[in-house]
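**Student:** Sequence:
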Amino acid sequence: MVLTLDIHHLLKRLFLLLFFGTLAGHLSAQNSLLRYADKQYAIGNYAHAAEVYENAFSKKEKYASAVKLAEVYSQIKDYEKAYQWSKQVIDFDEAERRDYLRYLVAAMQVDQNSEPEDLLAGSGFEEFDFPELDFGRIAFLKSLPSSFRLEPLAVVNSEDSDFGYSADSKGNVFFTSDRGPLLNPEKASVRLDAKNNIFSKDGSDFNNRNYFSLFRKDKDGETVQLQVDLPGALHVSDPHVTRDGKKIFYTAVLGKTRGAKREDIANQPGIYLADLDKEGNLSNSKGLPFNSSFAYGVMHPFLDENESRLYFASDMPGGVGGYDIYYVEYDEKMVFGKPVNLGPEINTSGNESHPSKNGEKFYFSSSGHSGLGGLDIFSADYREGIFTEVKNMGAPFNSPRDDFAFRINDEGISYLSSDREGGLGQDDIYLIKPLQKFLLAKLWDCEGVPFEDDYEAMLIKRTQGVKIPTTRGSQNELLAELDPEEQFELKIEIPGFFTIEDQSLSSVGMDADTLRRDYTLMQVPYNLTILTDTIYYDLDKFEIRKDAVEVLESLGEVMKKYDFIELVVSSHTDSRASHAYNEKLSERRADAVREYVSKFGIGPDRVKLRWFGEEKLINDCGDGVKCPEQSHQMNRRSEMILEAFSDSDKIYFLPKGWISGSAEKCNKEDLKNLILEK
Numbered sequence: 001m002v003l004t005l006d007i008h009h010l011l012k013r014l015f016l017l018l019f020f021g022t023l024a025g026h027l028s029a030q031n032s033l034l035r036y037a038d039k040q041y042a043i044g045n046y047a048h049a050a051e052v053y054e055n056a057f058s059k060k061e062k063y064a065s066a067v068k069l070a071e072v073y074s075q076i077k078d079y080e081k082a083y084q085w086s087k088q089v090i091d092f093d094e095a096e097r098r099d100y101l102r103y104l105v106a107a108m109q110v111d112q113n114s115e116p117e118d119l120l121a122g123s124g125f126e127e128f129d130f131p132e133l134d135f136g137r138i139a140f141l142k143s144l145p146s147s148f149r150l151e152p153l154a155v156v157n158s159e160d161s162d163f164g165y166s167a168d169s170k171g172n173v174f175f176t177s178d179r180g181p182l183l184n185p186e187k188a189s190v191r192l193d194a195k196n197n198i199f200s201k202d203g204s205d206f207n208n209r210n211y212f213s214l215f216r217k218d219k220d221g222e223t224v225q226l227q228v229d230l231p232g233a234l235h236v237s238d239p240h241v242t243r244d245g246k247k248i249f250y251t252a253v254l255g256k257t258r259g260a261k262r263e264d265i266a267n268q269p270g271i272y273l274a275d276l277d278k279e280g281n282l283s284n285s286k287g288l289p290f291n292s293s294f295a296y297g298v299m300h301p302f303l304d305e306n307e308s309r310l311y312f313a314s315d316m317p318g319g320v321g322g323y324d325i326y327y328v329e330y331d332e333k334m335v336f337g338k339p340v341n342l343g344p345e346i347n348t349s350g351n352e353s354h355p356s357k358n359g360e361k362f363y364f365s366s367s368g369h370s371g372l373g374g375l376d377i378f379s380a381d382y383r384e385g386i387f388t389e390v391k392n393m394g395a396p397f398n399s400p401r402d403d404f405a406f407r408i409n410d411e412g413i414s415y416l417s418s419d420r421e422g423g424l425g426q427d428d429i430y431l432i433k434p435l436q437k438f439l440l441a442k443l444w445d446c447e448g449v450p451f452e453d454d455y456e457a458m459l460i461k462r463t464q465g466v467k468i469p470t471t472r473g474s475q476n477e478l479l480a481e482l483d484p485e486e487q488f489e490l491k492i493e494i495p496g497f498f499t500i501e502d503q504s505l506s507s508v509g510m511d512a513d514t515l516r517r518d519y520t521l522m523q524v525p526y527n528l529t530i531l532t533d534t535i536y537y538d539l540d541k542f543e544i545r546k547d548a549v550e551v552l553e554s555l556g557e558v559m560k561k562y563d564f565i566e567l568v569v570s571s572h573t574d575s576r577a578s579h580a581y582n583e584k585l586s587e588r589r590a591d592a593v594r595e596y597v598s599k600f601g602i603g604p605d606r607v608k609l610r611w612f613g614e615e616k617l618i619n620d621c622g623d624g625v626k627c628p629e630q631s632h633q634m635n636r637r638s639e640m641i642l643e644a645f646s647d648s649d650k651i652y653f654l655p656k657g658w659i660s661g662s663a664e665k666c667n668k669e670d671l672k673n674l675i676l677e678k
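FYI, the UniProt record's numbering numbers position 546 of the sequence shown as 546, with every residue one higher than the one before it.
Rather than coming from a laboratory, the hints here were simulated on the basis of the structure.
Please note that the accuracy of each hint is not assured.
Straight-line C-alpha distance at most 25 Å; calculated DSS-like pairs for lysine-lysine [said to hold, decoys possible]:
id, residue 1, residue 2
1, K391, K357
2, K247, K333
3, K668, K560
4, K560, K608
5, K584, K616
6, K626, K541
7, K217, K170
8, K561, K546
9, K81, K59
10, K616, K561
11, K278, K333
12, K650, K491
13, K60, K81
14, K461, K433
15, K599, K546
16, K433, K219
17, K338, K357
18, K219, K170
19, K219, K246
20, K170, K357
21, K461, K442
22, K246, K286
23, K87, K77
24, K461, K491
25, K442, K491
26, K433, K391
27, K219, K286
With the hints as extra help, turn the sequences into a complete structure.
**Tutor:** Here is the structure:
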């Protein structure tokens, strides 16, 4: 009996030892998994960290594991999983305000119609407990009326990540993508004693996808991957090609040799400059002098219109906070100056990135300025080196997710990149199509300087005859909103200047958001002599001779083409006959000229006739003077002058085909040559 009891107690103790030993083993393994996952998370190996956290959570559902999973999926922009895990986090009793903040952000990123009041129901929190989220501002930005819609750039986008539109003057489009065969998703079981790799040679540890590469789609539609000559380059992105297509700036992250501790390894992005050949090969890649691979990042290059200033983003020391936007000047020898921070008007304690500039507008993305969520695109005015009026561009430019890389090409067509819901891949490039089009007409004087005087402008929608309102820009340019798929007529009037009439304005089939025109305003050169010529007559005759036909035909053609030209005819006789007879004869000769040019549709009001008989001889062959026939012939004549713009009270229109903005018409001699087509 005693022996039986002893065996019973012994077995009971053995069972308890085995139970608690197994439990301790499970707890130890659980903690080891979490420590390993935390290490992977700390070094940016988010995809693998997520796998390990999920493994740990499946073994024991802990608040800490769920929090890390919500964070890691937010980092790699897996919005659906970030939302699922954020929602799971708030089911734990340990859930704090910051967990609900993450949940609110995640919910809005998967459903733009999410209402904060509904999401917070039963939580004990109210909207005012989250000042980081300006719900009123978000609702306002979402409600702003927009004249634009986004259209995926189908010729570029894939099921992978595609972003960062850039173009050269030859029609080639450059972009970044991680397209290619997906990496093998099957992984070996986690070994807690395994040595950590610094990086994979095949793909990114960040999200288990291919590294980013540069691609080019040419005007014929062929897409090729650009071959980068930078040894050890992993992620390569953000192409910005010079207008001539011969040089390219880009961002690259280089792989480093392994160190004693993985945490000590930092692969920071840098900007590189290379030569670019026609086949898409990069050569002579060189890092910019302010790169610092181990200290801070430099990325997102953008050249201004003059290609003498480079804008970029960096978290170098001395900034406002996070990544800031800088610029640096450089010369034709590619010698770079010192980076200049754009200051607190643009930069915040958050991150600013993807700068671009078009005229007096500066664009960038930011997570620090108030927005819809993630990175939002902002615009700012830029005049005389000063940035002002930073504005969130609102919907549809921005969404609750990341919106970035806003670009306007030379044709005025706008693009942006986004990982918003509804895209084809991870990130997509979108063409921005205006629902409303715009007219920008620049007015210049004959010196090529913006025209500063007042002017009257009338813009008419031709299909309805409706007058369209116009405004003036900062340099007196003409601005107007145009309905799509319409045709318009513009008239610009200034006393003493040619009136411009342009009937070629059309938004039909227009991809660009802005219809641009340049007009040169030139003063009317009143009483401008275009051409002089003389025809001759037989003795006592007024009929047009054969040798005069070519001259009159030429004059008639010019007058037919340009209704602002008049013909002044002065007819004469020789001295052989009475003064009265010769006066009548010279009148008939003038009439004969007017009758001849009438066959070109020239009305009598455009032909001024004068007749002088024998009053204006060109030699000394007057009454009673013996002269040879050749001398008398010189007096039997009609002198003709083609004269333009003879009425200073009349409004003259700039002739068709003269609206290009060229100042060559400001020179009277050049103007004559244009009329005579010389």
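**Student:** Looking back at the hints listed earlier, which ones does the structure fail to meet?
**Tutor:** 10, 27
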